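Novice: Protein sequence lines, in the order shown, are assigned to chains A and B. Numbers 11 to 402, taken from the working numbering, label the letters of the first sequence in order. Numbers 11 to 402, taken from the working numbering, label the letters of the second sequence in order.
By construction, these hints were calculated from the structure, which means they are not laboratory data. There may be inaccurate statements among the hints.
One copy or any two copies: either way a pair holds, since identical chains are not told apart in the list.
[Said to hold, decoys possible] DSS-like mimics (lysine-lysine), calculated; alpha carbons at most 25 Å apart, straight line:
(1) Lys231 / Lys136
(2) Lys170 / Lys235
(3) Lys142 / Lys97
(4) Lys148 / Lys136
(5) Lys136 / Lys235
(6) Lys136 / Lys402
(7) Lys231 / Lys111
(8) Lys255 / Lys142
(9) Lys97 / Lys255
(10) Lys170 / Lys255
(11) Lys130 / Lys231
Here the structure is a predicted model, which is why all the values come from computation and not from measurement.
Protein chains: 2
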Amino acid sequence: MSITSFNPPVRTLMGPGPSDVHPRITSAMARPTIGHLDPAFVGMMDEVKQMLQYAFQTKNQLTIPVSAPGSAGMETTFVNLLERGDKAIVCQNGVFGGRMKENVERCGATPIMVEDEWGKPVDPQKVEDALKANPDAKLLAFVHAETSTGARSDADILCKLAHDHDTLTLVDTVTSLAGCELKVDEWGIDAIYSGTQKCLSCTPGISPVSFSERAVDVITKRNSKVQSWFLDTNLVMGYWGSNAKRAYHHTAPVNALYALHEALVILQEEGLENAWARHTNNHQALRAGLEAMGLAFVVDEAHRLPQLNSVTIPDGIDEAAVRSRLLNEFNLEIGAGLGTLAGRVWRIGLMGYSSRAENIFLCLSSLEAVLSDMGADVNTGVALEAAQAAMK
Amino acid sequence: MSITSFNPPVRTLMGPGPSDVHPRITSAMARPTIGHLDPAFVGMMDEVKQMLQYAFQTKNQLTIPVSAPGSAGMETTFVNLLERGDKAIVCQNGVFGGRMKENVERCGATPIMVEDEWGKPVDPQKVEDALKANPDAKLLAFVHAETSTGARSDADILCKLAHDHDTLTLVDTVTSLAGCELKVDEWGIDAIYSGTQKCLSCTPGISPVSFSERAVDVITKRNSKVQSWFLDTNLVMGYWGSNAKRAYHHTAPVNALYALHEALVILQEEGLENAWARHTNNHQALRAGLEAMGLAFVVDEAHRLPQLNSVTIPDGIDEAAVRSRLLNEFNLEIGAGLGTLAGRVWRIGLMGYSSRAENIFLCLSSLEAVLSDMGADVNTGVALEAAQAAMK
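Please take these sequences and the hints and turn them into a complete structure.
Specialist: Below, the structure written as structure tokens:
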């Protein structure tokens with residue numbers, strides 16, 4: 011065996027995540043490792059919590075980064091809130107609603123499914139019907155920004171419906187955090203999780219979560235222990251909580267948290283509302299270019315996420331071959347479809363540091379080059395101009 | 011709010027982990043992020059698996075890094091092997107045996123406890139008695155290297171006992187991997203987990219695990235789904251397995267895996283047996299210095315881990331004050347006692363890249379400086395010479 015150091019190719023990441031990581035963030039990640047109980051580290055943890063509260067627009071005390079990817083953040087919210095025998099309403103309009111269902115079942119609870127077509131937002135009327143039919147449901151779970159389709163659901167309205175029925179709300183914001191409007195306290199979200207590798211433009215591996223006081227109250231009054239020791243917020247808060255004494259729970263991923271800290275400093279420098287506006291503006295430019303080329307969007311304009319653009323594939327084109335050529339010839343990654351949309355769409359991300367004019371130009375140029383070379387029925391020579399016009 | 015970039019102090023890490031991270035590893039971590047399904051990344055994943063098999067001394071196909079810290083690795087082994095109503099024998103001779111008990115209970119299974127004094131190894135006779143008394147036990151779980159005490163148990167003997175009773179073995183090697191002899195296949199370990207931040211000298215946050223064919227067979231034939239979606243090896247192997255098609259499960263912590271890859275390349279360059287020998291030799295040098303100073307070891311020589319040195323605190327000395335001064339005056343971190351040993355011992359790590367002559371000299375010099383300044387009853391002016399003599 012003689013394996014040598016790994017030097018990755020330098021890519022431009024415009025898939026569904028990870029997105030391009032700002033060089034300030036990878037630099038921060040390479041800073042010297044210190045102990046997870048070092049006073050200097052504990053001070054940094056407090057800053058991370060404070061900046062996460064800003065990013066989520068919440069005053070929730072239980073706002074922390076889980077030491078694992080977004081899927082573990084999802085699991086954190088479910089295993090802490092649900093007990094065996096509970097009932098949960100789960101909305102599914104893409105891959106991640108299905109994953110929520112799996113989480114509910116593995117908690118020994120019963121999922122009540124509210125189904126919507128992939129690419130459509132969650133239908134508030136169906137949710138209201140489900141809430142009425144299931145007054146014993148403990149929570150309503152839905153995905154704010156469906157990464158598998160690019161559809162945005164109206165989290166504000168859905169949360170208000172749930173609260174009208176005295177039901178907790180659990181929301182997936184893996185793709186929305188820092189990429190479009192998200193207001194945890196104003197909307198009344200009780201449990202929320204996200205990821206670092208989308209619109210925060212950080213390296214993958216950490217999942218910010220937040221729980222309202224109402225949710226914390228439910229967790230504190232559980233009859234049974236949380237089934238996951240690692241994700242039990244009662245224990246995690248011994249380390250991340252604001253007590254003077256930080257008790258060892260697990261060894262924090264020190265350098266990954268340096269990276270998250272830097273990503274949040276960058277967000278704070280830009281300003282949350284400015285970040286949202288940048289994502290919207292760059293989406294308009296990419297959209298103008300793609301539509302000029304003749305490509306169509308999967309999601310209706312009213313429910314389209316600016317940070318994740320699902321577009322249909324021209325007739326007769328091998329979509330995987332296009333992605334391979336983009337990667338091999340231009341070091342550009344765009345995403346494939348997932349689940350029922352596999353083979354039918356591309357997912358083009360404009361998330362965080364990837365949401366830049368340079369990336370839009372590269373994407374339109376290289377996509378046009380590959381598609382026209384493959385004989386696709388697309389308009390050539392017009393996309394860049396359309397994008398530039400939309401940027402003004 | 012005006013939080014700025016975090017620049018950590020530069021420490022020497024000689025606690026129970028994280029250990030000093032080799033600069034090659036932090037540099038690797040800062041390389042450009044690529045997609046978790048990028049062919050270049052998938053190739054790197056195969057190398058990581060291959061090098062983990064070498065580090066564990068196993069041919070197990072299911073040998074992968076879990077995308078979370080060692081505590082999640084522990085949970086991975088328990089939730090995959092246990093179902094509700096199962097029985098598991100758990101040995102406790104320190105903090106981590108207690109955590110194993112928690113894991114068993116949270117799986118809805120019953121722990122049969124085998125207790126030994128903290129600082130002592132697990133007693134094979136007690137284990138044999140427990141195996142005889144519980145022929146229906148599904149597995150025997152124990153900690154190879156107790157990080158809370160510095161005691162090493164005889165994993166080879168314990169595993170053979172378990173197999174004589176047709177019981178699976180589950181072993182915690184968070185602190186032993188790459189620091190002392192560990193042979194998964196030869197000893198017959200069925201499920202094992204470790205951490206990156208100890209003798210691999212990597213950044214914290216990833217947990218290497220491995221399952222034998224016998225264990226995989228048990229997992230495949232489960233009656234119920236694994237209670238954790240995130241840690242379900244049936245699903246994780248869709249991404250990490252050797253199938254041509256890598257299915258998305260969760261977004262891998264790309265940069266953290268660059269770091270692990272580099273740590274494993276360094277281990278391979280040194281050679282596993284050489285790394286074990288280095289840990290032993292450096293332990294002898296540190297030990298000679300500490301004993302010359304007059305400090306005593308907690309664990310009997312025969313069962314002492316070379317990479318984790320628990321020593322008693324001189325009479326009348328405020329142990330926390332000593333650690334604070336070491337940190338503030340010399341940027342040196344050593345560990346406090348945990349659990350029943352809290353306030354009674356220090357834990358001095360010589361793990362991975364921390365296991366170096368330079369660190370031994372710094373530790374002895376600064377400890378002597380602080381202790382003598384605080385009026386402790388220790389011998390001065392003799393520790394360094396004793397350590398140097400032991401190095402020859």
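Novice: Now tell me if each hint is right for this structure.
Specialist: Structure-based check of all given hints:
{"no.": "1", "hint": "Lys231 / Lys136", "in the structure": "neither (30 Å within a copy, 38 Å between copies)"}
{"no.": "2", "hint": "Lys170 / Lys235", "in the structure": "neither (29 Å within a copy, 34 Å between copies)"}
{"no.": "3", "hint": "Lys142 / Lys97", "in the structure": "within (13 Å within a copy, 42 Å between copies)"}
{"no.": "4", "hint": "Lys148 / Lys136", "in the structure": "within (17 Å within a copy, 46 Å between copies)"}
{"no.": "5", "hint": "Lys136 / Lys235", "in the structure": "neither (33 Å within a copy, 30 Å between copies)"}
{"no.": "6", "hint": "Lys136 / Lys402", "in the structure": "neither (40 Å within a copy, 77 Å between copies)"}
{"no.": "7", "hint": "Lys231 / Lys111", "in the structure": "both (24 Å within a copy, 23 Å between copies)"}
{"no.": "8", "hint": "Lys255 / Lys142", "in the structure": "neither (45 Å within a copy, 43 Å between copies)"}
{"no.": "9", "hint": "Lys97 / Lys255", "in the structure": "neither (37 Å within a copy, 36 Å between copies)"}
{"no.": "10", "hint": "Lys170 / Lys255", "in the structure": "neither (38 Å within a copy, 42 Å between copies)"}
{"no.": "11", "hint": "Lys130 / Lys231", "in the structure": "neither (37 Å within a copy, 38 Å between copies)"}
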